[in-house]
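Peer 1: Quick mapping for you: the protein sequence lines, in order, are chains A and B. For the first sequence, my numbering gives the first residue as 1, with consecutive numbering after it. For the second sequence, my numbering gives the first residue as 1, with consecutive numbering after it.
Don't take each hint at face value.
As the list claims (entries may be wrong) - Far from chain B, by Cβ distances over 10 Å, these chain A residues were calculated:
hint : residue
1    : S4
2    : F5
3    : G9
4    : W24
5    : L30
6    : S60
7    : E67
8    : G80
9    : V94
10   : V95
11   : K115
12   : P117
13   : I131
14   : R141
15   : N152
16   : A153
As the list claims (entries may be wrong) - In silico lysine-lysine, BS3-like type, Cα no more than 27 Å apart, as pairs:
hint : chain 1 : residue 1 : chain 2 : residue 2
17   : A       : K115      : B       : K648
18   : A       : K41       : B       : K648
19   : B       : K571      : A       : K151
20   : A       : K142      : B       : K652
21   : B       : K204      : B       : K648
22   : B       : K204      : A       : K115
23   : A       : K41       : B       : K652
24   : B       : K571      : A       : K142
None of these hints come from the bench; they were simulated from the model. Think of the CB as a built atom: it goes at the ideal place given N, C-alpha and C, for glycine as much as any other residue.
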Amino acid sequence: MKISFYINGNAHSIEADGNTPLLWVIRDVLDLKGTKFGCGKAACGACTIHVDGEAVRSCSYSAKFAEGKNITTIEGLSAGDSLHPVQQAWIEEVVPQCGYCQPGFMMATAALLEKIPNPTDQDIDDNIVNICRCGTYYRMRKAIHRAAEIKNANI
Amino acid sequence: MSESKPKKKFSRRKFIIRSAVGVGVLLGTGYVTRPVWRRSLAEMANSAEAPYLGDTESPLLWFEVSAENQVVLYSPKVEMGQGTFTGLAQIAADELEVDINKIKVVHAPTASGNIDGMSTGGSTSISSLWQPLRELAATMREMLKNEAARIMETDAAALTVKEGVVSGNGQTLTYGEIAKQVKEWNIPDTPPLKDVKSYKFIGKPIPRVDLADKVAGASIFGMDAAMPDMLYGAVARPSSIGAKYVSADTSRAEKMPGVVKVVREKDFVGVVARSRMEAENAKNAIIVTWDTGKNWQSEDIEEMIRVGKGEPYVIQKAGRAKRILDNEEEVFTAEYKSPVGAHAQLEPNGAVAYVEGDKATVIISTQVVNITRNEVAERLGLEKENVNIIPAYLGGGFGRRLHTPNAMQAAVLSKAVGKPVKCFFNRQEEFQNDTFRPPTHHVLRAKLGAGGLIKAIEHNVSSGDVMYGSPMVPALAEPILGADVGAWRGGMIQYRKIPNYRAVSWRVKLPFATSWWRSLGLLANTFAIESFMDELAIKAGKDPVQFRLDQIQEDEAGYRLKEVIRAAAQKAGWRDGAHNGRAMGFAASTDANTPCAHVVEVSVEDGEIRVHKVTCAIDPGFAVNPDQVRAQCEGCIIMGLSAAMFEKMTVKDGQLTPTIYGPYKMALMKHAPKEIDVVILENADAPGAVGEPPLGPIGAAIANAVFRITGQRLREMPLQLA
Ligand code: FES
Ligand code: FES
Chain A
1 MKISFYINGN
11 AHSIEADGNT
21 PLLWVIRDVL
31 DLKGTKFGCG
41 KAACGACTIH
51 VDGEAVRSCS
61 YSAKFAEGKN
71 ITTIEGLSAG
81 DSLHPVQQAW
91 IEEVVPQCGY
101 CQPGFMMATA
111 ALLEKIPNPT
121 DQDIDDNIVN
131 ICRCGTYYRM
141 RKAIHRAAEI
151 KNANI
Chain B
1 MSESKPKKKF
11 SRRKFIIRSA
21 VGVGVLLGTG
31 YVTRPVWRRS
41 LAEMANSAEA
51 PYLGDTESPL
61 LWFEVSAENQ
71 VVLYSPKVEM
81 GQGTFTGLAQ
91 IAADELEVDI
101 NKIKVVHAPT
111 ASGNIDGMST
121 GGSTSISSLW
131 QPLRELAATM
141 REMLKNEAAR
151 IMETDAAALT
161 VKEGVVSGNG
171 QTLTYGEIAK
181 QVKEWNIPDT
191 PPLKDVKSYK
201 FIGKPIPRVD
211 LADKVAGASI
221 FGMDAAMPDM
231 LYGAVARPSS
241 IGAKYVSADT
251 SRAEKMPGVV
261 KVVREKDFVG
271 VVARSRMEAE
281 NAKNAIIVTW
291 DTGKNWQSED
301 IEEMIRVGKG
311 EPYVIQKAGR
321 AKRILDNEEE
331 VFTAEYKSPV
341 GAHAQLEPNG
351 AVAYVEGDKA
361 TVIISTQVVN
371 ITRNEVAERL
381 GLEKENVNII
391 PAYLGGGFGR
401 RLHTPNAMQA
411 AVLSKAVGKP
421 VKCFFNRQEE
431 FQNDTFRPPT
441 HHVLRAKLGA
451 GGLIKAIEHN
461 VSSGDVMYGS
471 PMVPALAEPI
481 LGADVGAWRG
491 GMIQYRKIPN
501 YRAVSWRVKL
511 PFATSWWRSL
521 GLLANTFAIE
531 SFMDELAIKA
541 GKDPVQFRLD
551 QIQEDEAGYR
561 LKEVIRAAAQ
571 KAGWRDGAHN
581 GRAMGFAAST
591 DANTPCAHVV
601 EVSVEDGEIR
611 VHKVTCAIDP
621 GFAVNPDQVR
631 AQCEGCIIMG
641 LSAAMFEKMT
651 VKDGQLTPTI
661 YGPYKMALMK
671 HAPKEIDVVI
681 LENADAPGAV
691 GEPPLGPIGA
701 AIANAVFRIT
711 GQRLREMPLQ
721 LA
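Build out the structure end to end from the sequences listed, making use of the hints.
Peer 2: What follows is the structure in structure tokens.
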């Protein structure tokens, strides 16, 4: 079927089986490789993107539901040349190790900050439930607080 | 507790065996099957550091200077998160005399000729390249200077080099300008290295060189690799333990949408399709007949992994520990256990391969570039030199990518269709076909003597294999060494002031693959020994920190161990016992000559163990990048906490389960300590291991703290309160 949506601000129409997970459309059809596959079962968060501003695990989101939606991936998180506060904080805290889980965490964090501009540790624990095998949670928590600061200072 | 500091730092050079192949080097000696020889080999394997087994003499294999004045460093070591690319860039920049931003580190494809003979693993990348890479970089700098002298028609001695610019005689040339004009390089003798104190990048907390790309989501991992006109493959994999492929009914799969070809081999069946989903769907439609053996259950495995069963090997012995413990009264005994652990790295295994005629190219996340190449070449009957393995960033390694038959499978599929094929595991296949951390059972015995110190102690560990069965280990190792070096890593008694001690490794062959898992036996062995030390300290009525310090021998290793123990205790403000519902727990271990000690601060809330803070002291000898040493400590602490508190594979009706995150419980953000304080000591003159040693003490430290709060002695991982 034909599916039309906006991705990172650009209009796209693709031809795909509507039941294909959106993740594979993003990665293999649109060639945006920043969104990762970890489990395919909504269990790790590596594939997190935004659909109309909501954090969504794209491995478990059928492409047909993307019709008419605004989709953002890690490649579209920053506006032009200036880094998104989450990315800036991630750099300041030198968060990534292998890096594979990081786009998913950054997307989940960016969505969290839209809802809760100043998350407490409890908010972070409740909302950031992706998996990082390298164990970067400690730096991520610092980076999430730092991102909130940067974001609030920018307003 | 004070002890005078040694005047000079300990030299690590004497530990480094520079003549041959890691474990292989230990096998060179003849007549080693006698127990006493085996034991000394075991002692050696415990502290010897493998040399780097690739080129250390040809700067041109390592460096490429572009006309734009950039230096490309072709790394034979892969980047899996451990920060090696950053450390190597620092090491090269200082001796090359360029800014670190001018260096771009990339994985060396095997076609470049810069091939690591062994693997990326064992926390050896920085330590084994510390000397050779500085020498290579210094030599490259001299080569550039010599060429500049030739171009400028002056004497090289009259030139100075600074930040990638050679000047003298009123002229200046950048490295890029020089490189452009060189037709043939001459390699001079290795110049003297700079004074370590003069280094601008080495020893500094430089941000990771891969940071910007990883934060942008732009880094290419194995699973992100692509080739033009690429198809997608899938291979049917067994879900049962020990299953062997017999035959397959592919009639339905062949008619599935998108299928290009069903590929039947003698040992596997796979399918190639136009997209990942089509390949997966078609694979699921193949009806495979597997020859499955016994219907294994967890109880069967537990029955096998018991001290007293399997083959015993005495790996350490001093005094008369056995005689004392067998015959004297008041011997204290305790048993500990650890479960089967999964790697659970986030990026699944797989490869993109293209076989064209007598050549093959494979892009893959691998820790064994050379072995991956040889296996592809052998399976396809190609010359090794005609197989180019291009490593991509690894979405976690942890030992899972030390065995890569998936490269060969992708290549076979590609050959069958004459196009590039990308073929990856799904998550269920990852869990079911992992090469697991083996389960262990430990029996510790000890007798206290005069002054409440240990008179005799013995550690028995029963474990599945770690190193045997790995393509990295020479077949000769097994008959000679007997015991599995990986399984007993961390299994020796490190308190060698004790007059009588002994360690025995019991070897068991399990029906499923067990192998290298970050830090190997260290986590389980340290959990057992350091929990037991805590129990003994309590029995002796002593402070557990002082109890340890009192029983460490006076030598270099002992000195360095005592220093990290003191540093951790001091930084954490160590105090014994529970206070306001919180308690500290202490444990220490030495791995690959790097001692490490943790103090954890724990509470129990709503019946759950919470780890609030970890203070870690580590002595890697010398820290090339203190910030990344910290990051490795943090990562080890969190991964170790996850394994110690949550993770467990079970065997049910012949299958390993669970097969997905969630049911395979792992530490999440909410479980990670909110405070991790790392103290780095540098009591040697060269960098040592970092990426695994901090995993050792974490399980025992948590269990020891839990005892102080609840009175429950948890002797089995994952730790569960009654
Ligand atoms: S890949 Fe989507 S949640 Fe794991
Ligand atoms: S950085 Fe490796 S999985 Fe998170």
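Peer 1: A separate judgement is required for each hint: does it hold in the structure or not?
Peer 2: Status of each hint after checking the structure:
1. Against the 10 Å criterion, A:S4 stays outside the reach of chain B, whose nearest CB is about 20 Å from its own CB.
2. Annotated as non-interface, A:F5 keeps its C-beta farther than 10 Å from every C-beta of chain B; the closest such distance is 19 Å.
3. The Cβ of A:G9 sits about 16 Å from the closest Cβ of chain B, beyond the 10 Å cut-off, so the non-interface label holds.
4. For A:W24, the requirement that its beta carbon stay farther than 10 Å from each beta carbon of chain B is not met, with the minimum near 6 Å.
5. Once the 10 Å rule is applied to beta carbons, A:L30 is consistent with being away from chain B; the minimum gap is 13 Å.
6. Every CB of chain B is more than 10 Å from the CB of A:S60 (nearest about 12 Å), matching its label as outside the interface.
7. With a cut of 10 Å on Cβ distances, A:E67 stays outside the contact zone with chain B, its closest approach being about 19 Å.
8. Once the 10 Å rule is applied to beta carbons, A:G80 is consistent with being away from chain B; the minimum gap is 13 Å.
9. A cut-off of 10 Å between C-beta atoms contradicts the statement that A:V94 is not in contact with chain B; the least separation is 5 Å.
10. Listed as a non-interface residue, A:V95 fails to keep its Cβ farther than 10 Å from every Cβ of chain B; the least gap is roughly 8 Å.
11. With a cut of 10 Å on Cβ distances, A:K115 stays outside the contact zone with chain B, its closest approach being about 17 Å.
12. A:P117, annotated as away from the interface, keeps every beta carbon of chain B farther than 10 Å; the closest lies near 19 Å.
13. With a least CB separation of 6 Å from chain B, A:I131 falls inside the 10 Å interface cut-off, contrary to its annotation.
14. With a closest Cβ-Cβ approach of about 7 Å to chain B, A:R141 is found to fall inside the 10 Å limit, against its non-interface label.
15. Listed as outside the interface, A:N152 is consistent with that label: its C-beta sits roughly 20 Å from the nearest C-beta of chain B, beyond the 10 Å cut-off.
16. Distance to chain B confirms A:A153 as a non-interface residue, since its nearest Cβ pair spans about 19 Å, more than 10 Å.
17. About 36 Å separates the Cα atoms of A:K115 and B:K648, which puts this hinted pair outside 27 Å; it is violated.
18. The suggested pairing of A:K41 with B:K648 holds, with an alpha-carbon distance near 20 Å, which does not exceed 27 Å.
19. Proposed proximity of B:K571 and A:K151 is contradicted: the alpha carbons are some 34 Å apart, above 27 Å.
20. Using a Cα cut-off of 27 Å, the hinted pair A:K142 and B:K652 is violated, with the two alpha carbons roughly 41 Å apart.
21. With a C-alpha separation of about 39 Å, the suggested pairing of B:K204 with B:K648 is violated against the 27 Å cut-off.
22. A hinted pair counts as satisfied when its Cα atoms are at most 27 Å apart, and B:K204 with A:K115 does not qualify at roughly 38 Å.
23. Annotation: proposed proximity of A:K41 to B:K652 holds, straight-line Cα distance about 22 Å (limit 27 Å).
24. Proximity of B:K571 to A:K142 is assessed by CA-CA distance (about 21 Å); at most 27 Å being required, the pair is judged to hold.
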